[in-house]
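There are 4 protein chains.
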Amino acid sequence: MPITEDQKSEIVQSRGRGAMTLRPISEGMEGHLYTAYPVLDHGFVRVVDYMGNDAAICQAARVSYGAGTKSVSDDEGLIRYLMRHWHSTPFEMCEIKLHVKLPVFVARQWIRHRTANVNEISARYSILDREFYIPAPEHLAAQSVINNQGRGATLEGEEASRVLDILKGDANRAYDHYEQMISQDGQAGLARELARMNLPANIMTQWYWKVDLHNLFHFLRLRADSHAQYEIRVYADQICQIVKDWVPAAYAAFEDYRLNAASLSGRGAEILKRRLAGEIVTFEDSGMSKGEWREFTNAWGS
Amino acid sequence: MPITEDQKSEIVQSRGRGAMTLRPISEGMEGHLYTAYPVLDHGFVRVVDYMGNDAAICQAARVSYGAGTKSVSDDEGLIRYLMRHWHSTPFEMCEIKLHVKLPVFVARQWIRHRTANVNEISARYSILDREFYIPAPEHLAAQSVINNQGRGATLEGEEASRVLDILKGDANRAYDHYEQMISQDGQAGLARELARMNLPANIMTQWYWKVDLHNLFHFLRLRADSHAQYEIRVYADQICQIVKDWVPAAYAAFEDYRLNAASLSGRGAEILKRRLAGEIVTFEDSGMSKGEWREFTNAWGS
Amino acid sequence: MPITEDQKSEIVQSRGRGAMTLRPISEGMEGHLYTAYPVLDHGFVRVVDYMGNDAAICQAARVSYGAGTKSVSDDEGLIRYLMRHWHSTPFEMCEIKLHVKLPVFVARQWIRHRTANVNEISARYSILDREFYIPAPEHLAAQSVINNQGRGATLEGEEASRVLDILKGDANRAYDHYEQMISQDGQAGLARELARMNLPANIMTQWYWKVDLHNLFHFLRLRADSHAQYEIRVYADQICQIVKDWVPAAYAAFEDYRLNAASLSGRGAEILKRRLAGEIVTFEDSGMSKGEWREFTNAWGS
Amino acid sequence: MPITEDQKSEIVQSRGRGAMTLRPISEGMEGHLYTAYPVLDHGFVRVVDYMGNDAAICQAARVSYGAGTKSVSDDEGLIRYLMRHWHSTPFEMCEIKLHVKLPVFVARQWIRHRTANVNEISARYSILDREFYIPAPEHLAAQSVINNQGRGATLEGEEASRVLDILKGDANRAYDHYEQMISQDGQAGLARELARMNLPANIMTQWYWKVDLHNLFHFLRLRADSHAQYEIRVYADQICQIVKDWVPAAYAAFEDYRLNAASLSGRGAEILKRRLAGEIVTFEDSGMSKGEWREFTNAWGS
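Protein chains in written order, with our numbering: chain D, 2 to 303; chain E, 2 to 303; chain P, 2 to 303; chain H, 2 to 303.
Looking at chain D on its own, in the form it has when it is part of the complex:
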């Protein structure tokens, strides 16, 4: 259960309080505001604020004085043009603020995206909750045998249950000990900033994370990708659903020019041109390493 009844009721209250504003709004985004979308067993993503919309991207690109009189289809064309030609600054003119609850080992990947603002709950100051990510059985994957940095088949039978038992048992014992160490019942109580070191990386943390749309797209391109670890990809996927409603034209352009795009090396482009001209190009002919050739033929056939 990612959020408590009290928290739910705070969210409902927040959604009940509207106010007039002169700022640009995004109807699609207003529908998402504050709602906590569950991710993993105890996590969530929710939008707590946003700035801008599709029109704001165009206004910034035009450095214009008003909302502009341009049609929606003009705006879409401009947005596609900007995305295609890597004009990133107009996309930076939109901003989103998320409240995310996530396992610490996911937070450590996420924070590597440096162009963002973050406020995380402090385990120096606060006592963390007893909440740990435990993978669903279908996500208990074996180490990949071809990729050092990936997953293979799902674990089965006894091996799976042994792993789950370990993860649950260790998490609970670690938390019991955490509580015992900080307890001030008949003892001084270890400092929180020290006691936290006993907690495993699947404990849940929370933060406010604020980022502009350009840098969010960069995050999504890397983290909604099939090579990203499943546990961060589910957050990225959920955010994609939200962004699609916030800035539909920008998201569509992002999908076409980034998410679904193919990047060809000079060598790769050369080979495709030879093929288009009817030539058959083999590995020996390609000038590529084995790894490159495998990735290339996976994408383009052989």
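To be clear, the hints were calculated from the coordinates, so they are not data collected in a lab. Errors might be hidden in some of the hints.
If several chains are the same, the list does not tell them apart, and a pair holds so long as it fits within one copy or across any two.
Okay, derived cross-link-like pairs now, DSS-like style, lysine-lysine, Cα gap no bigger than 30 angstroms in a straight line [as the list claims (entries may be wrong)]:
(1) 291 - 169
(2) 291 - 245
(3) 245 - 274
(4) 274 - 291
(5) 169 - 245
(6) 274 - 9
(7) 9 - 291
(8) 169 - 274
Once you have looked at the hints, place chains E, P and H on chain D.
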């Protein structure tokens, strides 16, 4: 005249269009939205969007679920605490987007603040307007005789009028020639990206500039300071007036802990302590260089 | 003449002073250190310091303890892998510091790359030199008739000489007036920070610019591109020559995966796949806008 | 034991390999290169590369052509001036690359400093070592009773030994289970990227961390401060010792103007001035909150 009638009417229209939002708003800021505040003879600053308010700073600091039930005075205390202890991340949770019209030589100072998003009108793409900053007579200052990087007394009489004649004459001639070079009347017309090189640094440019509150405070501390060049300080001063209405508690804390603050070196603090204990400390005694001693006694008496 | 005899002799002296270091070095880069490579009529680029080499990229990727025992070909393979999969952080582990002399209008484009460190000479503090970029006749291009943001054919005959006369005349007059305004001969002398506003955008400025290799590659990809303005592209081209000698393996990977790469949208990739399967795809069939189709067929034939 | 014999011998080899360079060097820093300085029970800091020295800061500030002919005392004066007036860009012209081994919970604080480059060993890719930070008995502190975010007295007797037993026991059990889960002996073996979630926050990680001197000073000011958690402060203190030898003049200025500096709010400065004029100022008179008054009188007496 910084803006045209058409632009004015676009602004009036924007201010006439309200919409409901679930987002936090700042009443004080809603009153400023879109209005162009004149700065210098042809420039302006206007807010085109904002995110957050005083309460949002506290919510981020608390990583909270709702608007929170804390009182305004609790929030003020927390904000002062955060500012005093250099906890900058909660202030990063507010964001402002400005539309600014400013001389190019001011833009070149301004852009040195890198943690911000910018869309400037492109003189490769557009034809710039015939608008140049010409200082008011009372701002025509002589080179300082004590500070290589500052101004002294105001120029007077013939010297002043000679300078104004030069600035006006050269600006207009440069612009006439710019127009002649790009004209396609009976000739090919020089590329805009080349013709612009003839325009002087007092020509007006425009941009959308978006920044978070922490970095805006940093900008304001440096640029609303008495050592900043007058022509950028007037922009900073105008922005201060706006921010004061946007986030009153955060601005008050900024004023006390940054704008009006005094920073003492270890040596300076030592001297003050000796003085508080009744000792008379002289330059010879101070361990300071002449420049430091001058700055120190200017601030604290001798 | 971009540099004076005195400056040349300072550079020669710097190249004469060697010292022992335990740091990794790049033989190729040592050959470039301090030498001023002329760019445009009065500009230059010169390396004043660097950190790292190809091996340092691999060491960082491996978080290794020593120089490592890996072979050069292993390192090349790893570097290609990192570049192909957008693992950018190991490239950030190399750093370069350049001293650049360039026209102000080029500096204004350049500075938009924010992830870099800059020290520019201050026209508040110093008096600028009488040096202006005047395009060579073969670079005096007309405005493009198909691209609002580009150049067309070269200007010819009288139109060209009229333009050159204007640029030279205005630059010299502006500088004469600049000197007259700041002169303290029989007058107070206008403050430098004000007088500079009369100087046109083709006056030369200088800065120290320091950037990591990842962000430098990003700069080079955009600025060594055929769509970049000629006057900044020549700087990027010169820097490419230097980087090639500094980190040969990384530069080769950059060339193949970025400079010579082709980026295909989802739609574009789809069309190529249909073509490879023998289908003929027309504009009507493509789902692309006219602009996209033109760019696509320019790259891939129709 | 923070490093193995093999690693030691790689370090010794690295220190044995000198080469000629034309770059500026810092004699003081050459003495530190590669050496691993132990921090905590299993951690270390070592410099793997650096760029620049005190003279380079001055050269950048002057945008100069050569090493310059300025005396060391001129350079010191300039450096103090730059530091005093917050001219930060010349300090950004020096760069340092560190290899650090540190507990994960320290790494999570450290990474919040975003303006730096990082390569961390990946627990998706690699198997982590069995190394955990266990506090020395004298650093086993109780939760502070006055500061929610701090430490109080040292734990004693049985309470201390109970805590140490828990930390050691849990760490070892977690690691045993980690090994069992990833083992491919008679089972598929859990993916590393999943198994790592069982490891506690005191496990050691490693990274290459590269930062410019200005941002390093910012890090040191916050983390070498008495309010910083002990476990990160010891890293900051060790880095201070290194920086002092690298850029002695800049470090001395940093010490005087930042580390040992006192920052006074407008109110605080006002009170000091009244006191210097002989007035006695009380809490009731001060306009300060209780917390501020306590901090103020702690620093300045009452």
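Hints versus structure:
no. : hint      : in the structure
1   : 291 - 169 : neither (42 angstroms within a copy, 46 angstroms between copies)
2   : 291 - 245 : between (38 angstroms within a copy, 25 angstroms between copies)
3   : 245 - 274 : between (35 angstroms within a copy, 27 angstroms between copies)
4   : 274 - 291 : both (20 angstroms within a copy, 22 angstroms between copies)
5   : 169 - 245 : neither (36 angstroms within a copy, 48 angstroms between copies)
6   : 274 - 9   : neither (57 angstroms within a copy, 49 angstroms between copies)
7   : 9 - 291   : neither (53 angstroms within a copy, 36 angstroms between copies)
8   : 169 - 274 : neither (54 angstroms within a copy, 48 angstroms between copies)
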